[in-house]
Amino acid sequence: MLFNYLLRLGDDRLVLGHRLSEWCGHGPILEEDIAAANIALDLLGQASMFLKYAGEVEGKGRDADALAYWRDETQFRNVQLVELPNGDYGFTILRQFLVSAWAYHHLGALAASADETLAGMAAKALKETRYHLRHSAEWVVRLGDGTDESHGRMQRALDELWPWTGELSWQHEVDAALRSEGIVPDLAALRGPFEAMAKEQFARATLVLPDGPMRMTGGRLGRHTEHLGHMLAEMQIVARSHPGAQW
Amino acid sequence: MSEPTQPKGSDDPAQVAAFEARIARGETIEPKDWMPERYRRQLVRMMSQHAHSEVVGMLPEGNWITRAPSLRRKISLLAKVQDEAGHGLYIYCGTETLGVDRAELIDQLLAGTAKYSSIFNYPTLTWADMGAIGWLVDGAAIVNQTMLAHASFGPYARAMVRICKEENFHKRQGYEIMATLAAGTPAQKAMAQDALDRWWWPSLMMFGPSDKESPNSAELLRWKIKQKGNDELRQRFVNLTVPQAAAIGLHIPDPLLTLDKETGDWEFGPIDWNEFMQVISGNGPCNRERLAARRKAHADGAWVRDAAVAHAAKDAARSAA
Numbered sequence: 003m004l005f006n007y008l009l010r011l012g013d014d015r016l017v018l019g020h021r022l023s024e025w026c027g028h029g030p031i032l033e034e035d036i037a038a039a040n041i042a043l044d045l046l047g048q049a050s051m052f053l054k055y056a057g058e059v060e061g062k063g064r065d066a067d068a069l070a071y072w073r074d075e076t077q078f079r080n081v082q083l084v085e086l087p088n089g090d091y092g093f094t095i096l097r098q099f100l101v102s103a104w105a106y107h108h109l110g111a112l113a114a115s116a117d118e119t120l121a122g123m124a125a126k127a128l129k130e131t132r133y134h135l136r137h138s139a140e141w142v143v144r145l146g147d148g149t150d151e152s153h154g155r156m157q158r159a160l161d162e163l164w165p166w167t168g169e170l171s172w173q174h175e176v177d178a179a180l181r182s183e184g185i186v187p188d189l190a191a192l193r194g195p196f197e198a199m200a201k202e203q204f205a206r207a208t209l210v211l212p213d214g215p216m217r218m219t220g221g222r223l224g225r226h227t228e229h230l231g232h233m234l235a236e237m238q239i240v241a242r243s244h245p246g247a248q249w
Numbered sequence: 005m006s007e008p009t010q011p012k013g014s015d016d017p018a019q020v021a022a023f024e025a026r027i028a029r030g031e032t033i034e035p036k037d038w039m040p041e042r043y044r045r046q047l048v049r050m051m052s053q054h055a056h057s058e059v060v061g062m063l064p065e066g067n068w069i070t071r072a073p074s075l076r077r078k079i080s081l082l083a084k085v086q087d088e089a090g091h092g093l094y095i096y097c098g099t100e101t102l103g104v105d106r107a108e109l110i111d112q113l114l115a116g117t118a119k120y121s122s123i124f125n126y127p128t129l130t131w132a133d134m135g136a137i138g139w140l141v142d143g144a145a146i147v148n149q150t151m152l153a154h155a156s157f158g159p160y161a162r163a164m165v166r167i168c169k170e171e172n173f174h175k176r177q178g179y180e181i182m183a184t185l186a187a188g189t190p191a192q193k194a195m196a197q198d199a200l201d202r203w204w205w206p207s208l209m210m211f212g213p214s215d216k217e218s219p220n221s222a223e224l225l226r227w228k229i230k231q232k233g234n235d236e237l238r239q240r241f242v243n244l245t246v247p248q249a250a251a252i253g254l255h256i257p258d259p260l261l262t263l264d265k266e267t268g269d270w271e272f273g274p275i276d277w278n279e280f281m282q283v284i285s286g287n288g289p290c291n292r293e294r295l296a297a298r299r300k301a302h303a304d305g306a307w308v309r310d311a312a313v314a315h316a317a318k319d320a321a322r323s324a325a
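Protein chains in written order, with my numbering: chain C, 3 to 249; chain G, 5 to 325.
Think of the hints as simulated: they come from the structure by calculation, not from any bench.
Idealized CB from N, CA, C, for every residue including glycine.
Fair warning: there could be bad hints in the mix.
Dumping the calculated SDA-like pairs for lysine to any residue here, alpha-carbon to alpha-carbon at most 20 Å [stated by the list, open to error]: (1) Lys228(G) <-> Asp37(G); (2) Lys318(G) <-> Thr208(C); (3) Lys300(G) <-> Gly89(C).
Derived DEER-like restraints, expressed as beta-carbon distance ranges [unchecked claim]: (4) Ala250(G) <-> Asp65(C): 30 to 40 Å; (5) Ala125(C) <-> Val165(G): 34 to 44 Å; (6) Asp198(G) <-> Ala235(C): 15 to 25 Å; (7) Pro87(C) <-> Pro289(G): 24 to 34 Å.
Not everything, but these chain G residues come out facing chain C in the computed CB check (under 10 Å) [claimed, not checked]: (8) Asn67; (9) Trp68; (10) Ile69; (11) Gly90; (12) Leu93; (13) Gly188; (14) Ala191; (15) Trp307; (16) Ala312.
Starting from the given sequences, assemble the full structure and let the hints guide the process.
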């Protein structure tokens, strides 16, 4: 159960960190190349930490690399939101804001976990997440409130991305079991504060939250969009071409 | 009638003499000090080429971030490329002390009128290239920049001190990638050797043409922007690198490489300067791709930059109201 939950935490960060790293060298301004790489580095560091612990909890001798490079897409437990292709910089930064705002609440709650290792990791990741949240929130306002073009792009990005956020608070028996032991929080209780934070920021950015339905989900069960397989094919190609090799 | 103005490039001989005396005494020139127009232009040329090289240099290594074979390698490669962005930014800021702004320099890069290090016009074909670039390209850059850390222009010299520290770390990281591959499976070792074969000669070309052929060398040496000639620096790099290759069991692809026991120098075979000229004239393997990638990033990011400016103006208007 805890193994499964740690995969969620690790995979969300691995996949989003990978997506952000795709911007490196191609950003809109040098300062943002640096900032996006900073966030990607934090996320990949967090992914390594959670996946390492997942491997220890599983107890089958798999380390973080084995979990990152030798699982297929159906064994990944990230939300679909993070695997979507980057789109334009507005789409990327808006997604970053949504994920960071969720992580801010989620990690904050996990820092009180009855599992001390998990609590410590969550507290460490939370510090980094505060910076990600501030940086992405500032850009959401800058771009939402910038020019007519940037406003239009950001509103379209929000219309596209918001329905994917339903999955962030999706729960099933893994959550119920771990919740009963005080290891993880009730995600439903985090939904309100998350939405309040998002709405406040979108108001400052002159963006309107869409009111349509949330999209169907499945990432936590290993059912992904068509994009993840392509991403993993690229990410895993070198490691898988040389079984048993050390790097 | 207006005052006669000093035409560019023909400075007052008395001021030039005083300036050259300062250089001769080993003094550091700071942005507010008087300097000959040629000195300023040489610095802008060198510093902007250096900054462009950092930024274009992000592309060949960026090509492997998404395929790095372990999490540790992925993180360290991404951090390295991020450092290069930081170096580019830092040196662009240095050129601003000479009265040239970043936007102008970037326009020159995108227009294809500014140069950057020719080595970044070669493709990165395997993971081992990440090792070879760190070891050889950063290694060659360190030899050059350690010398530039004593340059007569203060902001450039200080930038080099800081950048060299990080480049040393990159070089060790690259060499460690190569050492790991060379000690790995037969396929990994072959990958490492292939990377060395492809990157060796372009690395030697990084120091530029022989001083006899280099149009800028004499002036740069006289003004102590550079302290050593291209050939001397190249020789130092070869002397440092040959034993490093031997230590990890890789073979330098030069049949004429021999140790001169009297001087201690590793004598190397002739460099194909025709290839170098081809690459710096835009006909290298990736010149078009590198510039196209920079142009695309710049064009795709225009709306983001415009929005940031517009939002800042709105913010300023709101707080003034």
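Results for each hint:
1. Under the criterion of a C-alpha separation no larger than 20 Å, the hint pairing lysine 228(G) with aspartate 37(G) is consistent with the structure, at around 16 Å.
2. Proposed proximity of lysine 318(G) and threonine 208(C) is supported: the alpha carbons are some 13 Å apart, at most 20 Å.
3. At roughly 14 Å between alpha-carbon atoms, lysine 300(G) and glycine 89(C) fall within 20 Å of each other, so this suggested pair holds.
4. Roughly 33 Å separates the CB atoms of alanine 250(G) and aspartate 65(C), a value that falls within the hinted 30 to 40 Å.
5. About 37 Å separates the C-beta atoms of alanine 125(C) and valine 165(G), a value consistent with the hinted range of 34 to 44 Å.
6. A C-beta distance of roughly 23 Å is found between aspartate 198(G) and alanine 235(C), which places it inside the suggested range of 15 to 25 Å.
7. Range check, proline 87(C) to proline 289(G): Cβ separation about 28 Å, and the 24 to 34 Å hint holds.
8. The interface hint given for asparagine 67(G) is met, as the beta carbon of that residue sits about 9 Å from the closest beta carbon of chain C, less than 10 Å.
9. Against a cut-off of 10 Å between C-beta atoms, the interface hint on tryptophan 68(G) holds, since the closest Cβ of chain C lies about 8 Å away.
10. Given hint, isoleucine 69(G) at the interface with chain C, holds; its Cβ is 5 Å from that chain's nearest Cβ, closer than 10 Å.
11. Taken as an interface hint, glycine 90(G) checks out: its beta carbon lies about 6 Å from the nearest beta carbon of chain C, inside 10 Å.
12. The criterion of a C-beta within 10 Å of any C-beta in chain C is met by leucine 93(G), whose closest approach is roughly 5 Å, and the hint holds.
13. For glycine 188(G), the shortest C-beta to C-beta distance to chain C is roughly 6 Å, which falls under 10 Å, so the interface hint holds.
14. Hint status for alanine 191(G): holds, given a least beta-carbon distance of 6 Å to chain C, under 10 Å.
15. Because the closest C-beta pair between tryptophan 307(G) and chain C is about 5 Å apart, less than 10 Å, the hint holds.
16. Among the interface hints, the one on alanine 312(G) holds; its C-beta lies about 5 Å from the nearest C-beta in chain C, closer than the 10 Å criterion.
The structure is consistent with each of the numbered hints, conforming to all of them.
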